[in-house]
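> So the chains spell out like this:
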Amino acid sequence: MRSEAAVRADELHLAHHFSSLERQTDAARLGMWLFLATELLLFGGLFCAYSYYRWMFPDAWAEGSHHMSVGLGTINTFILLGSSFTVAMSIHFARVAKPKLTVLMLAISIVCGLAFMGLKGVEYADHFKHGLLPGKYLTSPDVHEPAVGMFFVLYYLTTGLHAIHVIAGLTVLSVMMVKAHRGVFTPEYYTPLDMGGLYWHLVDIIWIFLYPLLYLVV
Amino acid sequence: MSQPAPSSAQHPSGAHHADSYLTDGTTVMSWLNTRDHKRVGVMFLICVIAMLFMGGVFAMLIRLKLLFPGAAFIDALTYNRLFTLHGVVMVFFFLIPAIPSAFGNFLVPLMIGARDVAFPRLNLLSLYIYLAGAGLALWGMIHGAADTGWTFYAPYSTTSPEKLFPVLLGVFIVGFSSIVTGINFIVTIHTMRAPGLTWWKMPLFVWGIYGTSIIQVLATPVLGILLLSIAVEHALGWGLFDPARGGDPLLMQHLFWFYSHPAVYIMILPGMGVISETVCASAHKNPFGYRAIAYSSIGIAFVGFFTWGHHMFVAGQSTFSNGLFAVLSMFVGIFTAIKTFNWVGTLYKGAIAFKTFFAYICGFLYFLVFGGMTGIALATVSLDVHWHDTYFVVAHFHFIMVGAALMAFLAALHYWWPKMFGSRYHEGWGLVAAVLIMLGFNATFIPQFLLGNNGMPRRYYTYPEHFRALNVASTAGASLLAFGFIIIAVYLAVALRYGRRTEQNPWGSKGFEWLTDSPPPTHNFHEDPQYPEDPHDYRTPPLTQPSAAHPEVEVGHAV
Numbered sequence: 139m140r141s142e143a144a145v146r147a148d149e150l151h152l153a154h155h156f157s158s159l160e161r162q163t164d165a166a167r168l169g170m171w172l173f174l175a176t177e178l179l180l181f182g183g184l185f186c187a188y189s190y191y192r193w194m195f196p197d198a199w200a201e202g203s204h205h206m207s208v209g210l211g212t213i214n215t216f217i218l219l220g221s222s223f224t225v226a227m228s229i230h231f232a233r234v235a236k237p238k239l240t241v242l243m244l245a246i247s248i249v250c251g252l253a254f255m256g257l258k259g260v261e262y263a264d265h266f267k268h269g270l271l272p273g274k275y276l277t278s279p280d281v282h283e284p285a286v287g288m289f290f291v292l293y294y295l296t297t298g299l300h301a302i303h304v305i306a307g308l309t310v311l312s313v314m315m316v317k318a319h320r321g322v323f324t325p326e327y328y329t330p331l332d333m334g335g336l337y338w339h340l341v342d343i344i345w346i347f348l349y350p351l352l353y354l355v356v
Numbered sequence: 008m009s010q011p012a013p014s015s016a017q018h019p020s021g022a023h024h025a026d027s028y029l030t031d032g033t034t035v036m037s038w039l040n041t042r043d044h045k046r047v048g049v050m051f052l053i054c055v056i057a058m059l060f061m062g063g064v065f066a067m068l069i070r071l072k073l074l075f076p077g078a079a080f081i082d083a084l085t086y087n088r089l090f091t092l093h094g095v096v097m098v099f100f101f102l103i104p105a106i107p108s109a110f111g112n113f114l115v116p117l118m119i120g121a122r123d124v125a126f127p128r129l130n131l132l133s134l135y136i137y138l139a140g141a142g143l144a145l146w147g148m149i150h151g152a153a154d155t156g157w158t159f160y161a162p163y164s165t166t167s168p169e170k171l172f173p174v175l176l177g178v179f180i181v182g183f184s185s186i187v188t189g190i191n192f193i194v195t196i197h198t199m200r201a202p203g204l205t206w207w208k209m210p211l212f213v214w215g216i217y218g219t220s221i222i223q224v225l226a227t228p229v230l231g232i233l234l235l236s237i238a239v240e241h242a243l244g245w246g247l248f249d250p251a252r253g254g255d256p257l258l259m260q261h262l263f264w265f266y267s268h269p270a271v272y273i274m275i276l277p278g279m280g281v282i283s284e285t286v287c288a289s290a291h292k293n294p295f296g297y298r299a300i301a302y303s304s305i306g307i308a309f310v311g312f313f314t315w316g317h318h319m320f321v322a323g324q325s326t327f328s329n330g331l332f333a334v335l336s337m338f339v340g341i342f343t344a345i346k347t348f349n350w351v352g353t354l355y356k357g358a359i360a361f362k363t364f365f366a367y368i369c370g371f372l373y374f375l376v377f378g379g380m381t382g383i384a385l386a387t388v389s390l391d392v393h394w395h396d397t398y399f400v401v402a403h404f405h406f407i408m409v410g411a412a413l414m415a416f417l418a419a420l421h422y423w424w425p426k427m428f429g430s431r432y433h434e435g436w437g438l439v440a441a442v443l444i445m446l447g448f449n450a451t452f453i454p455q456f457l458l459g460n461n462g463m464p465r466r467y468y469t470y471p472e473h474f475r476a477l478n479v480a481s482t483a484g485a486s487l488l489a490f491g492f493i494i495i496a497v498y499l500a501v502a503l504r505y506g507r508r509t510e511q512n513p514w515g516s517k518g519f520e521w522l523t524d525s526p527p528p529t530h531n532f533h534e535d536p537q538y539p540e541d542p543h544d545y546r547t548p549p550l551t552q553p554s555a556a557h558p559e560v561e562v563g564h565a566v
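Protein sequence lines, in the order shown, are assigned to chains F and A.
Going by this note's numbering, the first sequence opens with residue 139, and the numbers climb by one from there.
Going by this note's numbering, the second sequence opens with residue 8, and the numbers climb by one from there.
Treat the hints with care, since some could be wrong.
Cβ pair distances, simulated, as ranges [stated by the list, open to error]:
#	chain 1	residue 1	chain 2	residue 2	range
1	F	Arg-146	A	Lys-356	32 to 40 Å
2	F	Phe-266	A	Pro-76	20 to 28 Å
3	F	Arg-146	A	Tyr-135	47 to 55 Å
Using 25 Å as the maximum straight-line C-alpha spacing, the simulated DMTMM-like pairs for lysine to aspartate or glutamate come out as follows [claimed, not checked]:
#	chain 1	residue 1	chain 2	residue 2
4	A	Lys-208	F	Glu-149
5	A	Lys-208	F	Asp-164
6	A	Lys-208	A	Glu-434
7	F	Lys-274	F	Glu-261
8	F	Lys-267	F	Asp-332
9	F	Lys-317	F	Glu-149
10	F	Lys-317	F	Glu-201
11	A	Lys-356	A	Glu-169
12	F	Lys-274	A	Asp-26
13	A	Lys-208	A	Asp-544
14	A	Lys-356	A	Glu-434
15	F	Lys-274	A	Glu-434
Hints are computed from structural coordinates only; laboratory data are not their basis.
All C-beta atoms in this analysis are idealised placements derived from N, C-alpha and C, irrespective of residue type, glycine included.
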């Protein structure tokens, strides 16, 4: 027999064109994974350009990465990884019907995301101050290889696009926090939170690739 | 096997059509705010036809200019803008969404026995994204448009003084619409098939759409990031593709064709799906090699991703890459040939009804084989060196993208017209227009093959006097083509207003979409259909909806 909660979840959330909530959730999950695939390919174009120019200008790449602040990058990596953990925990708490902890975990994730953006801003400001800008705008006096400008073109394109994704992810997490606060999520139905979590993990994993490529490459 | 009894044309339509999706809310808002995949499909159809008209007008202006070897009518800059607009509108705003977004939206849920697509709201959103992107690009075109050609090749696209930004952004946004549609179809096909409708019972059109959607999802984001990069380059001049600052324009071409070559299969695969459906319905015969057709759709979607380098044979790619891409390109020919033989095998000894859509099937087969064979020739590196960037290439890809894809679009429009709008058009005029279009098309592009082979480069504003005769022939053919379209527009408009009401299954088809009313009710089926048979199984007579003669027969339960 279906539990009362499951029947109630069906009443609240089952769309007319699906035969069951399980199928609807499957559909949402498959759709989300496909969307994540498109995001990977979006960044894939830039990773492709990165690899090509890295191969063309290895010396400039080594020099460019020396201008990166490895400390800030490392801290940011841990902040983002931590936020992914708390997002995963928020889903866990939704599953075991602890809405207050769900909200708390989402709040911590959002704070981490904001901290990431703040540190990224500090880094950008530092680069601007030292004239470490893309292409022809590169004015830093300590740069020797001319192709360092290309390194910074890719640095700004990849981290800029990633930052846009962080902002989008923070928006999603905020909406989820409001929903969780209103008690929308139950152990029977937490699909939107699950999807939002997947998106945040994507933002995280892209950074996991960007961090070594830009900071540790030498 | 014969057509269904003509008496069913007289069936008391009122009772069945009262609740069709067309009459369920007739206000403008009920359309603009709909979640119904059928209404979204119809709105997409209207949009793409408007785009086809616009792109056609640009094409005619180009052809009129080319009547004269020197300057005429329009200046060179306007000419450059016109061929750019023609390409952008036809490729991104017509060909790519034409069959998937219009017919796919309408038909896929009907064919797999679903009540709607998996994400109806996203589906409607994809229409508005499309309108926003197309609107932005068109606005940009009016205000000093792009003159780069639809390929946006660097370094010209990054240094052109023209306002490129709105056009790039518009195409980028339309790409999102394409991605959303693709995701929606893949999820719908995976999760919404009716009980009993297994993968190997899917109609062949659905297989075509499935292959198309995979390409849309996996290729479009790469175009997106490329367009963004070009926009950044054009606005800020960072030098990503600028050789003066270490950038490589060839990288831009690689990224562009990584999308745009598979995009050719976004245009042609759903067309092949349409032909697979209509061939069976014309011949009243089971498909010859159902699985071969289905597998080859996926095969084309797969190898289509590994052929992009054949656009860069003379652009400085290594000899090794040239050879590799040449061989890989020929695999597409193998899969296409599998399909072609299967279609011909289906027609062989069939009871063919020579309807308008059958005329377009014949046209499709001819244009696909002719265009495909010239494609094999072009994929041969040594020959491509001679033909590259000449009118030969223009004629080749128009044979596939316009010839074949447009034939499939018109076949779909005529075959599913009764299903979509519940009315019949005039078959006689339909055949007249089909003949005019095919003659006009050949007359337009066969001279261009000859011009290209004689060395006339594409996209040039002027040409030497001795190319005049063939250019005039081409323009004359284009006029015939345009005239054919005008006839179609007239008789379809008449059919919409005054056409006689159709019976449920006018072609005697065994396609699953005909199991419900024409036009279908809002939730597609009065009761859930059953699928005891394979799709296109003509060993048993087609099922018909309750008609005046057999009011007790239920959908899908008989036989």
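> Look at each hint and say if it fits the structure.
Hints versus structure:
1. F:Arg-146 to A:Lys-356: 32 to 40 Å: 59 Å, violated
2. F:Phe-266 to A:Pro-76: 20 to 28 Å: About 55 Å separates the Cβ atoms of F:Phe-266 and A:Pro-76, which means 20 to 28 Å is violated.
3. F:Arg-146 to A:Tyr-135: 47 to 55 Å: 33 Å, violated
4. A:Lys-208 to F:Glu-149: 32 Å, violated
5. A:Lys-208 to F:Asp-164: Cα-Cα ~22 Å, so holds.
6. A:Lys-208 to A:Glu-434: 31 Å, violated
7. F:Lys-274 to F:Glu-261: 20 Å, holds
8. F:Lys-267 to F:Asp-332: 41 Å, violated
9. F:Lys-317 to F:Glu-149: The hint holds at about 18 Å.
10. F:Lys-317 to F:Glu-201: 47 Å, violated
11. A:Lys-356 to A:Glu-169: Violated, at roughly 57 Å.
12. F:Lys-274 to A:Asp-26: 65 Å, violated
13. A:Lys-208 to A:Asp-544: 10 Å, holds
14. A:Lys-356 to A:Glu-434: Holds - the C-alpha atoms of A:Glu-434 and A:Lys-356 are around 23 Å apart, at most 25 Å.
15. F:Lys-274 to A:Glu-434: Judged against 25 Å, a Cα distance of about 64 Å means the pair is violated.
When held up to the earlier numbered hints, the structure conflicts with 1, 2, 3, 4, 6, 8, 10, 11, 12, 15 and fits the remainder.
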